[in-house]
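Based on these hints, arrange chains B and C with the ligands on the given structure of chain A.
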Amino acid sequence: MSGLLELTVAEAAGRIAAGEIAAGEYFDAWRAAAAGDELNAYLWRAEDGVEGTGGPLAGIPVAVKDIFCTEGVPTTAGSRILAGYAPPYTSTAVRRLGEAGARVLGKTNMDEFAMGSSSENSAFGPVLNPWDRGRVPGGSSGGSAAAVGGGLAPCAIGTDTGGSIRQPASLCGIVGLKPTYGAISRYGMIAFASSLDQCGALTRDVTDAALLLAALQGRDPCDSTSVGIEGGVEAPSREDLKGLRFAVPGELARDAIDSGVRAVFEATLETIERLGGAITEAPLPHAEHGISAYYVIAPAEASSNLARYDGVRYGMRAEGAGDLTEMYEKTRAEGFGAEVKRRIMLGTYVLSSGYYDAYYGRAQRVRTKIASDFAAAFAEFDFVVTPTSPSVAFGLGEKTDDPLAMYMSDFFTVPMSLAGLPAISIPAGLAEPDGGGPRLPVGFQIVAPAFAEQRLLEAAFALEREIGFDAKPGEGAGG
Amino acid sequence: MAELEAVIGLEIHVQLSTRTKMFCGCELSFGDQPNVHTCPVCLAHPGVLPAPNEEAIRYALQIAVALECEVAPRSIFHRKNYFYPDNPKAYQISQYDIPLATGGRLDDIRIHRVHLEEDAAKMIHVGESGRIHGSGASLVDFNRGGTPLVEIVTEPDLRSAAEASEWARLLRTTVRQLGVSDVNMEEGSLRCDANVSVRPAGSEELGVKTELKNMNSFRFLERGIEAELARQQELIGAGAAVVQETLHFDPRGVTLTSLRSKEEAHDYRYFPEPDLVPLAPTEQMLHEARGSLPELPAARIERYREEMGLPPEAAAQLAADPEAAVYFERAAGAAAGVEPRVVANWVTGELAAALRQEGGEAGATGSKVEPEALAALVVMVQEKRISHGSGKTVLAALVAEGGEPGAIVEREGLAQISDSGELEAIVATAVDANPEAAAQIRAGNGRAIGAIVGAVMRETKGRADGAEVNRLIRDRLGV
Amino acid sequence: MIDREQVLHVARLARLRLDEAEVEKMAGELSGILEHVDRIGELDLDGVEPTSHVVELENVLRPDRPRPSWPRDVVLEPAPDPADGAFRAPSPQADSQ
Ligand SMILES: [Mg+2]
Ligand SMILES: [Zn+2]
Chain A
1 MSGLLELTVA EAAGRIAAGE IAAGEYFDAW RAAAAGDELN AYLWRAEDGV
51 EGTGGPLAGI PVAVKDIFCT EGVPTTAGSR ILAGYAPPYT STAVRRLGEA
101 GARVLGKTNM DEFAMGSSSE NSAFGPVLNP WDRGRVPGGS SGGSAAAVGG
151 GLAPCAIGTD TGGSIRQPAS LCGIVGLKPT YGAISRYGMI AFASSLDQCG
201 ALTRDVTDAA LLLAALQGRD PCDSTSVGIE GGVEAPSRED LKGLRFAVPG
251 ELARDAIDSG VRAVFEATLE TIERLGGAIT EAPLPHAEHG ISAYYVIAPA
301 EASSNLARYD GVRYGMRAEG AGDLTEMYEK TRAEGFGAEV KRRIMLGTYV
351 LSSGYYDAYY GRAQRVRTKI ASDFAAAFAE FDFVVTPTSP SVAFGLGEKT
401 DDPLAMYMSD FFTVPMSLAG LPAISIPAGL AEPDGGGPRL PVGFQIVAPA
451 FAEQRLLEAA FALEREIGFD AKPGEGAGG
Chain B
1 MAELEAVIGL EIHVQLSTRT KMFCGCELSF GDQPNVHTCP VCLAHPGVLP
51 APNEEAIRYA LQIAVALECE VAPRSIFHRK NYFYPDNPKA YQISQYDIPL
101 ATGGRLDDIR IHRVHLEEDA AKMIHVGESG RIHGSGASLV DFNRGGTPLV
151 EIVTEPDLRS AAEASEWARL LRTTVRQLGV SDVNMEEGSL RCDANVSVRP
201 AGSEELGVKT ELKNMNSFRF LERGIEAELA RQQELIGAGA AVVQETLHFD
251 PRGVTLTSLR SKEEAHDYRY FPEPDLVPLA PTEQMLHEAR GSLPELPAAR
301 IERYREEMGL PPEAAAQLAA DPEAAVYFER AAGAAAGVEP RVVANWVTGE
351 LAAALRQEGG EAGATGSKVE PEALAALVVM VQEKRISHGS GKTVLAALVA
401 EGGEPGAIVE REGLAQISDS GELEAIVATA VDANPEAAAQ IRAGNGRAIG
451 AIVGAVMRET KGRADGAEVN RLIRDRLGV
Chain C
1 MIDREQVLHV ARLARLRLDE AEVEKMAGEL SGILEHVDRI GELDLDGVEP
51 TSHVVELENV LRPDRPRPSW PRDVVLEPAP DPADGAFRAP SPQADSQ
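Chains as they are written, first to last, in our numbering: chain A, 1 to 479; chain B, 1 to 479; chain C, 1 to 97.
It should be emphasised that the hints constitute simulated quantities derived from the structure, not laboratory data.
Honestly, I wouldn't trust all of these hints.
Straight-line Cα separation of at most 20 Å, EDC-like style, residue types lysine to aspartate or glutamate; simulated pairs [unchecked claim]:
1. 122/B to 81/C
2. 122/B to 166/B
3. 399/A to 22/C
4. 330/A to 22/C
5. 399/A to 357/A
6. 368/B to 339/B
7. 25/C to 401/A
8. 384/B to 339/B
9. 330/A to 20/C
10. 80/B to 357/A
11. 122/B to 84/C
12. 25/C to 357/A
13. 330/A to 24/C
14. 384/B to 410/B
15. 25/C to 466/A
16. 461/B to 424/B
17. 242/A to 266/A
18. 80/B to 186/B
19. 242/A to 466/A
20. 25/C to 432/A
21. 122/B to 29/C
22. 330/A to 38/C
23. 368/B to 424/B
24. 399/A to 29/C
Quick list of the computed label-pair ranges, beta carbon to beta carbon [as the list claims (entries may be wrong)]:
25. 217/B to 68/C: 45 to 55 Å
26. 284/B to 218/A: 51 to 61 Å
27. 25/C to 187/B: 31 to 41 Å
28. 58/C to 32/B: 32 to 42 Å
29. 110/B to 281/A: 58 to 68 Å
30. 32/C to 217/B: 53 to 63 Å
31. 41/C to 244/B: 32 to 42 Å
32. 110/B to 46/C: 46 to 56 Å
33. 244/B to 58/C: 33 to 43 Å
34. 46/C to 259/A: 31 to 41 Å
35. 25/C to 244/B: 51 to 61 Å
36. 21/C to 356/A: 21 to 31 Å
37. 49/A to 68/C: 24 to 34 Å
From a predicted model like this one, the values you see are computed outputs, not experimental measurements.
We put the CB at the ideal spot given by N, CA and C, even for glycine.
So that you can see chain A by itself, here it is in the shape it has in the complex (with noise of 0.2 Å):
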């Protein structure tokens, strides 16, 4: 059996397809692994085996963050507020998966309505990292990440608001893709901030990301901001970055990073010129106040398409109110998690008569500046490339008490979901915390033009390819 879990999601639909693995077997061999869940990262587990799938992803199980509602299966994005709740209809991109022969192998553990970066805002209890069990796997796809780096899914999906699929991909040692805002459907991902959302593969390597992406991706009637990717998507297979140019901006980089997150981000640096890439430090000058105009943007949305929540057509609903506003305060108040209170919060101060235009307004003008930084940038090089994360995975309940500390750990991600751009993180190497212990992941980022998500995964193919990260769990690391 455990040969099975050592394939690739491309390397198991290949032989799926050539009638050498039943789809049944394959996909039972993960719900035995997903069984073993020790991380916290599954919040549901499919109860049945698969039989009579066809399809470029036939019997493939997939991890889906339970932010994704799926017909008739619990699905409460990590709240408290949805616990029980099990929606009457399927999102678009569970349903575009279902489509490909892929089936739901679970429902994965997240930080409460995406919001987080340590997967510890959870109402169902904190997810653990797979490579020592007293650190955060990051967030807020921390479940789906735990789960594929753990062993514990083939493959997953999540969700990318302002880095909350490539900054858990990078604590926990895989591959996060977050693409081009409009590529894939939001319908029925449950909204957190709805023009910064964006829905993503995490995987072990980056042709699986790819295998992914081509099934999700589409125009949707039942999403207006959805495009999908002219021409699809492609197996890479490109094998030197020969006339390729990575800007690397200088913005970003001398902010505070860990010494040994720096190491791993030069040497990454090294690896790309020895494949034929030039590097430029160029600017970016705005990047850098993403996280002050993020922190208006994604909690004004959020305070909004969180207003639903409010104890009468579905979810949970506070006992003993008496008349109307009580009954919408005390459900709220007991529904929802401290951060997601704190964001509730923020985003409605900053959208509130007298504020709007000190904040929001101004938030969205940084926001322009940002792309346009971007786009200067894309009219010389093909890339941005940055660390996915300033440090390694941190411990439990290390920044629980300084929200603004937690919130820089998207210090690097959160500019490109501001500009709507495709990134992607892989394992670049191991480094040690700089307060010393284990070695953990650590992930590089790349960022591409918008819907040039095939330049990028050749691109991000043709260096994994050279730096052959194959470290696993376990080995060394405390857990």
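Chains B and C with the ligands only, in chain A's frame:
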């Protein structure tokens, strides 16, 4: 004290008669069982997204063009955030700072703006809910929730309650003629709120206004505004100030109750709806909207008066009722040699009266009287082939059974007596039979002639020409 | 920077009931975050258009074609307090309205 002048503006919500809701495929309905026209989108389940109805946009453009508005080259939707059980997302998708259209007019009243939005659900307040200290409960029915609405806001150009209700009727006729709404105030497909204030006559400044809601007929609209104007005038007369508030009209006692006090003034936290893309009406869309415009009442009144010589009341009466107008024009076109003014008199006078007499609800169009038949009848009367009185008899027959007036005249023997010898003999008999009247006429009392004319008419069964009978009587009496 | 009163006002707008400890904590945390955010106040953004969308689409519309609505028992199934085929909610009381 200076005389006070009324300053009134109207805000009208028109439910569009599309087949489906504004943002989902649920069918519009009226009077069905509660919650049978709902889906995850219009119930605001987690993860759903709005998909705008193109027919609603088309209808809204027609209204904008009919009201001579300037259509915005690019309008956007906003979220208007507020909690209420009839508002499932806790925000209404509405247009805010860039509405669909601005700056039009209807008659002499300027239109401030025309924008698109979605309707709220219906709430029924019920008694005791059995809750600990709850005073009652509401039942929410989402069938109506999400119905496309066009909101039309006038400038404060109206100067009396009567003018406001008269103008609202013209607006209703105009919208009805476009065929984009049922515009029924009782059923709520046309809803009219009024902003009312008073100021010293001749002043340019606006006084403090109040907003009147819940007037579900034109009569109530007029009464509500009247009551509010009286209240404001009294307040100011007593040296007190008008407080800005929303008032709820109660038709039972024609009273107004305050809905919310000013410190509860809403902070709607408007921001651009990230789930929708801008609306940029193309030349083609505008062309279609203009091309689909029928002649609107204001233009029709003008044409009836200027080109067809109708008196103002008849012109207004016909133009206000598109069906009657079409009927009138067909009849006028078929009545060769007869002035349209005369045909109009028959349509609005004798025919309307005969239809009322018959007791049916149908107007001229739905009656058995073909416009061509009416035209033939008017021609016969005009040419004195039958008397006016016989004309009414024929009309009654047409209303009852339809058919050709010529045939009815023949069958009933109603053709005018054209043999003057025969008529003279009847007149002579009548004069002899009424010696008292004859004496009075001779003595100079012209009005006494009526008794003899009546006798002649009875004898001839109305087939005599009244003027001719008059002449013959006078001849005989030598006056 | 954000005081108790503002926290309570915003909590009321957001329909969140905060206890005393949460109000204090929230005031401090929001102030800290906004202090960081305020750095964008120093940028020269005159004449810069706001971005509320990164997709460059217009007029994405749906044909006016009905789709079956959902069976009423399905839509009422997750309701916390269904009654008479409808969703029941407490009444807004006059004194709290
Ligand atoms: Mg409105
Ligand atoms: Zn619906």
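To see whether the hints hold, each was checked on the structure:
1. Distance check on the hinted pair: residue 122/B and residue 81/C sit about 17 Å apart at the alpha-carbon level, within 20 Å; holds.
2. Restraint check for residue 122/B and residue 166/B: the C-alpha separation of about 29 Å exceeds 20 Å, so the hint is violated.
3. Taking the CA atoms of residue 399/A and residue 22/C, the gap is about 18 Å. The hint holds against a cut of 20 Å.
4. Under the criterion of a C-alpha separation no larger than 20 Å, the hint pairing residue 330/A with residue 22/C is consistent with the structure, at around 14 Å.
5. Restraint check for residue 399/A and residue 357/A: not satisfied, since their Cα atoms lie roughly 31 Å apart, outside the 20 Å limit.
6. With a C-alpha separation of about 23 Å, the suggested pairing of residue 368/B with residue 339/B is violated against the 20 Å cut-off.
7. Only pairs whose Cα atoms come within 20 Å are accepted, and residue 25/C paired with residue 401/A is accepted, the gap being roughly 11 Å.
8. Between residue 384/B and residue 339/B the CA atoms are separated by roughly 15 Å; this keeps the pair inside 20 Å, and the hint holds.
9. A C-alpha spacing of about 15 Å is found between residue 330/A and residue 20/C, which places the hinted pair at or below 20 Å, so the restraint holds.
10. For a cut-off of 20 Å, the pair hint linking residue 80/B to residue 357/A stands: about 17 Å separates their Cα positions.
11. With a C-alpha separation of about 14 Å, the suggested pair residue 122/B and residue 84/C falls inside the 20 Å cut-off, and the hint holds.
12. With a CA separation close to 26 Å, the supplied pair residue 25/C and residue 357/A exceeds the 20 Å bound.
13. As the CA atoms of residue 330/A and residue 24/C are separated by approximately 19 Å, the hinted pair is consistent with the 20 Å bound.
14. A threshold of 20 Å between alpha carbons decides the hint, and for residue 384/B with residue 410/B the separation of about 15 Å falls inside it, so the pair holds.
15. Distance hint between residue 25/C and residue 466/A is unfulfilled; the C-alpha atoms sit about 49 Å from each other, more than 20 Å.
16. Among the hinted pairs, residue 461/B with residue 424/B is consistent with the structure: their alpha-carbon atoms are about 15 Å apart, no more than 20 Å.
17. A threshold of 20 Å between alpha carbons decides the hint, and for residue 242/A with residue 266/A the separation of about 19 Å falls inside it, so the pair holds.
18. For the given pair, residue 80/B sits about 27 Å from residue 186/B by alpha-carbon distance, which is inconsistent with the 20 Å threshold.
19. For the proposed pair residue 242/A and residue 466/A, the alpha carbon gap of about 13 Å is at most 20 Å, so the pair holds.
20. Between residue 25/C and residue 432/A the CA atoms are separated by roughly 34 Å; this puts the pair beyond 20 Å, and the hint is violated.
21. For the proposed pair residue 122/B and residue 29/C, the alpha carbon gap of about 40 Å is over 20 Å, so the pair is violated.
22. For the proposed pair residue 330/A and residue 38/C, the alpha carbon gap of about 32 Å is over 20 Å, so the pair is violated.
23. The straight-line distance between the Cα atoms of residue 368/B and residue 424/B is roughly 38 Å, outside the 20 Å bound, and the hint therefore fails.
24. At most 20 Å may separate the alpha-carbon atoms for a hinted pair to count; residue 399/A and residue 29/C meet this at roughly 13 Å.
25. Checked against the given bound of 45 to 55 Å, the beta carbons of residue 217/B and residue 68/C, roughly 35 Å apart, lie outside it.
26. Our hint of 51 to 61 Å for residue 284/B and residue 218/A is violated, since their Cβ atoms are close to 27 Å apart.
27. Checking the proposed 31 to 41 Å range against residue 25/C and residue 187/B shows it is violated: the Cβ atoms sit about 51 Å from each other.
28. Look at residue 58/C against residue 32/B: about 35 Å separates their beta carbons, and that is inside 32 to 42 Å.
29. Taking the beta carbon of each, residue 110/B and residue 281/A are about 59 Å apart, inside 58 to 68 Å as hinted.
30. Taking 53 to 63 Å as the suggested C-beta distance range, the pair residue 32/C and residue 217/B conforms, at roughly 56 Å.
31. Between residue 41/C and residue 244/B the CB atoms are about 33 Å apart, so this pair conforms to the stated range of 32 to 42 Å.
32. A beta carbon spacing of about 34 Å between residue 110/B and residue 46/C contradicts the range 46 to 56 Å that was offered as a hint.
33. Taking the beta carbon of each, residue 244/B and residue 58/C are about 38 Å apart, inside 33 to 43 Å as hinted.
34. For residue 46/C paired with residue 259/A, a C-beta distance near 40 Å keeps the hint of 31 to 41 Å intact.
35. One distance hint, 51 to 61 Å for the beta-carbon pair residue 25/C and residue 244/B, is violated here, with the actual separation near 37 Å.
36. Take residue 21/C and residue 356/A: their Cβ atoms lie about 30 Å apart, and the range 21 to 31 Å holds.
37. A beta carbon spacing of about 31 Å between residue 49/A and residue 68/C agrees with the range 24 to 34 Å that was offered as a hint.
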